[in-house]
Amino acid sequence: MAKLRLIPRDERFFDLFEQATDIAVAGADALQCMLSDICRAEECRKQIADIEHAGDSVIHDVMDKLNRTFVTPLDPEDIRAIASRLDDIIDFTQAAAERVVLYDVTTAHTGASELVKVLQQTVLEVKKVVALLRDLGGQRKAILEHCIEINRLENAGDRIYREALGKLFRAGDLLELLRWKEIFEQIEQAIDQCEDLADVIESVVVKHA
Amino acid sequence: MAKLRLIPRDERFFDLFEQATDIAVAGADALQCMLSDICRAEECRKQIADIEHAGDSVIHDVMDKLNRTFVTPLDPEDIRAIASRLDDIIDFTQAAAERVVLYDVTTAHTGASELVKVLQQTVLEVKKVVALLRDLGGQRKAILEHCIEINRLENAGDRIYREALGKLFRAGDLLELLRWKEIFEQIEQAIDQCEDLADVIESVVVKHA
Amino acid sequence: MAKLRLIPRDERFFDLFEQATDIAVAGADALQCMLSDICRAEECRKQIADIEHAGDSVIHDVMDKLNRTFVTPLDPEDIRAIASRLDDIIDFTQAAAERVVLYDVTTAHTGASELVKVLQQTVLEVKKVVALLRDLGGQRKAILEHCIEINRLENAGDRIYREALGKLFRAGDLLELLRWKEIFEQIEQAIDQCEDLADVIESVVVKHA
Chain A
1 MAKLRLIPRD ERFFDLFEQA TDIAVAGADA LQCMLSDICR AEECRKQIAD IEHAGDSVIH
61 DVMDKLNRTF VTPLDPEDIR AIASRLDDII DFTQAAAERV VLYDVTTAHT GASELVKVLQ
121 QTVLEVKKVV ALLRDLGGQR KAILEHCIEI NRLENAGDRI YREALGKLFR AGDLLELLRW
181 KEIFEQIEQA IDQCEDLADV IESVVVKHA
Chain C
1 MAKLRLIPRD ERFFDLFEQA TDIAVAGADA LQCMLSDICR AEECRKQIAD IEHAGDSVIH
61 DVMDKLNRTF VTPLDPEDIR AIASRLDDII DFTQAAAERV VLYDVTTAHT GASELVKVLQ
121 QTVLEVKKVV ALLRDLGGQR KAILEHCIEI NRLENAGDRI YREALGKLFR AGDLLELLRW
181 KEIFEQIEQA IDQCEDLADV IESVVVKHA
Chain D
1 MAKLRLIPRD ERFFDLFEQA TDIAVAGADA LQCMLSDICR AEECRKQIAD IEHAGDSVIH
61 DVMDKLNRTF VTPLDPEDIR AIASRLDDII DFTQAAAERV VLYDVTTAHT GASELVKVLQ
121 QTVLEVKKVV ALLRDLGGQR KAILEHCIEI NRLENAGDRI YREALGKLFR AGDLLELLRW
181 KEIFEQIEQA IDQCEDLADV IESVVVKHA
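Those sequence lines, one after another, are chains A, C and D. The numbering of the first sequence is my numbering, which starts it at 1 and goes up by one. The numbering of the second sequence is my numbering, which starts it at 1 and goes up by one. The numbering of the third sequence is my numbering, which starts it at 1 and goes up by one.
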């Protein structure tokens, strides 16, 4: 972009967004780690709590900056919506990790690892699409493609969740069913928030068309 | 409306919306069918999956058209919101149907049929109110009345769900409770999405007052 | 504010909002009462149903007034969003109370009283912040502080819910677990709606900066 920038500091919003997506990626990776080595669950739980804390701080910076900035690169309500979704992704990732520890899970569920794998892929897409927001006009097509991919991944996650729940029902161990249902729901919600974010981004693209 | 239309093709959005409401109605009807003849559940499940697929394609057309249209009959974000709610109604209807099969349900629950009956009535109201969007100004009063009716139906559904859950708790068969709770929740979510849609439509009416 | 008001009747929106927050406070208090004296649960249930009914009527007045008012003190969609969240807070409070009766709860759960305590504190914050909306410009800082406090309370509530659920899982009485999980979820949703309301209010503040 050769366009002269008169108010370059505004670009800091995008820096903060990218930090938040890195944190979301780190959270999903740490959750996968937790499931792959469940006896270190408590250690991973703490790590994810720290990651969530770092996320909170970045989101707080976005909101703070928003309240002190006159000319923003996107509409203020869109910046808020994007920040809020990124926050939610990390929160639900942490909520899943908390529950693994709280419910005394001792063996990981294959379906859960699969679902977290989808979460990892989805937050990577989120990272990519958020990086493109700096050039909304030029990257319009690429942005929409990432949004479609996020929707596809959300559907894939939904299927995994559904199948896993079906198996748990058929197995008939109710405590195990309840435990994993709760954990699955948090992971699925994290993925759902990615989809909501894609939704916000799509509407931003439409608005700036 | 005698008003000269200079950009008549925009009206296609309303055609697509009406297709989507027809699909939502078909989905709710198929779910009722499934519950009334549970041994044909798998067959109905496939039928509803096809219906959901058709819905996806219509919603995709809306979004696609939105990205290529300059002057839209409603604000782009409202068109997106309406399409997205219609999509959700169909998705939750399918999610309920999937669960009936996944959880090996062998006998239908009376409360579930009652709740799906409410879903059928609600999507019929949705169909009616969406058809009136073509004439937002002239049909303002009728539109708001349908929205009120949708809210009333949602409340009625909520009551049915609550009572049914109470009975399941008292019966004490936990597996049965969990199974139906999950299915009820999906049906209720489908109805909730109708209410959310009514909400969007009310705000569109307010905006265009 | 010494500013001359040419259209003073608009201020009625704020009166209605304040009525709705009083009703939300009354609802949370009544729910706490119910839990502290569970043998009078049915009596409290009826009282909360009346409170919810009064809330519906106020929200209906807001929406009605909105449809008949040309110049509103806030954007119409924000007035709708605020009213809708206030309505939801009361609805979920009632939903929790209904479930206490429906599921034949005979002894209150300590965690539930704690969580309702958080709900009580949160709706009091909501009452305070909504009262400040009349002077959006002058009270900007105080408004944002209340919003932060609402977010803090929501986090505190989340922790209580999580801990309580962990204990219920470890206790292993599945029916008791399911019963309280359902009730907890409704209380938590009531608190979540407060957070959503704070979110709407924050975006209103940003918009009017």
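Everything labelled a hint here was simulated from the structure, so no lab data went into it. Do not take every clue at face value.
To be verified - Computed list of chain D residues with no C-beta within reach of chain A, every gap over 10 angstroms:
hint	residue
1	Glu18
2	Asp22
3	Ala26
4	Ser36
5	Ala54
6	Asp56
7	Val105
8	Gln121
9	Ala131
10	Arg170
11	Asp199
12	Ser203
Claimed, not checked - Short derived list, chain D residues pointing at chain A, Cβ under 10 angstroms:
hint	residue
13	Val25
14	Lys128
15	Glu163
16	Leu165
17	Phe169
18	Arg179
19	Glu182
20	Ala209
Here a beta-carbon is modelled for each residue, glycine too, at the ideal position from N, C-alpha and C.
Hints versus structure:
1. Glu18: Per Cβ check, Glu18/D is outside 10 angstroms of chain A; nearest 25 angstroms; holds.
2. Asp22: 28 angstroms, holds
3. Ala26: 30 angstroms, holds
4. Ser36: The claim holds: Ser36/D sits with its nearest Cβ about 27 angstroms from chain A, beyond 10 angstroms.
5. Ala54: 32 angstroms, holds
6. Asp56: Given a closest Cβ separation of 29 angstroms, the condition holds.
7. Val105: Nearest chain A Cβ is 19 angstroms from Val105/D, so the label holds.
8. Gln121: 21 angstroms, holds
9. Ala131: Nearest chain A Cβ is 21 angstroms from Ala131/D, so the label holds.
10. Arg170: 7 angstroms, violated
11. Asp199: Asp199/D not clear of chain A: closest Cβ-Cβ about 7 angstroms, inside 10 angstroms.
12. Ser203: With a cut-off of 10 angstroms, Ser203/D comes too close to chain A, as the shortest Cβ separation is near 5 angstroms.
13. Val25: Result: violated, 26 angstroms to nearest chain A Cβ.
14. Lys128: Nearest chain A Cβ about 19 angstroms off; hint violated.
15. Glu163: Holds: closest Cβ of chain A sits about 8 angstroms from Glu163/D, inside 10 angstroms.
16. Leu165: 7 angstroms, holds
17. Phe169: 5 angstroms, holds
18. Arg179: Hint on Arg179/D: violated, closest Cβ of chain A at ~12 angstroms, above 10 angstroms.
19. Glu182: Since chain A brings no Cβ nearer than about 12 angstroms to Glu182/D, farther than 10 angstroms, the hint is violated.
20. Ala209: Holds. Min distance 7 angstroms.
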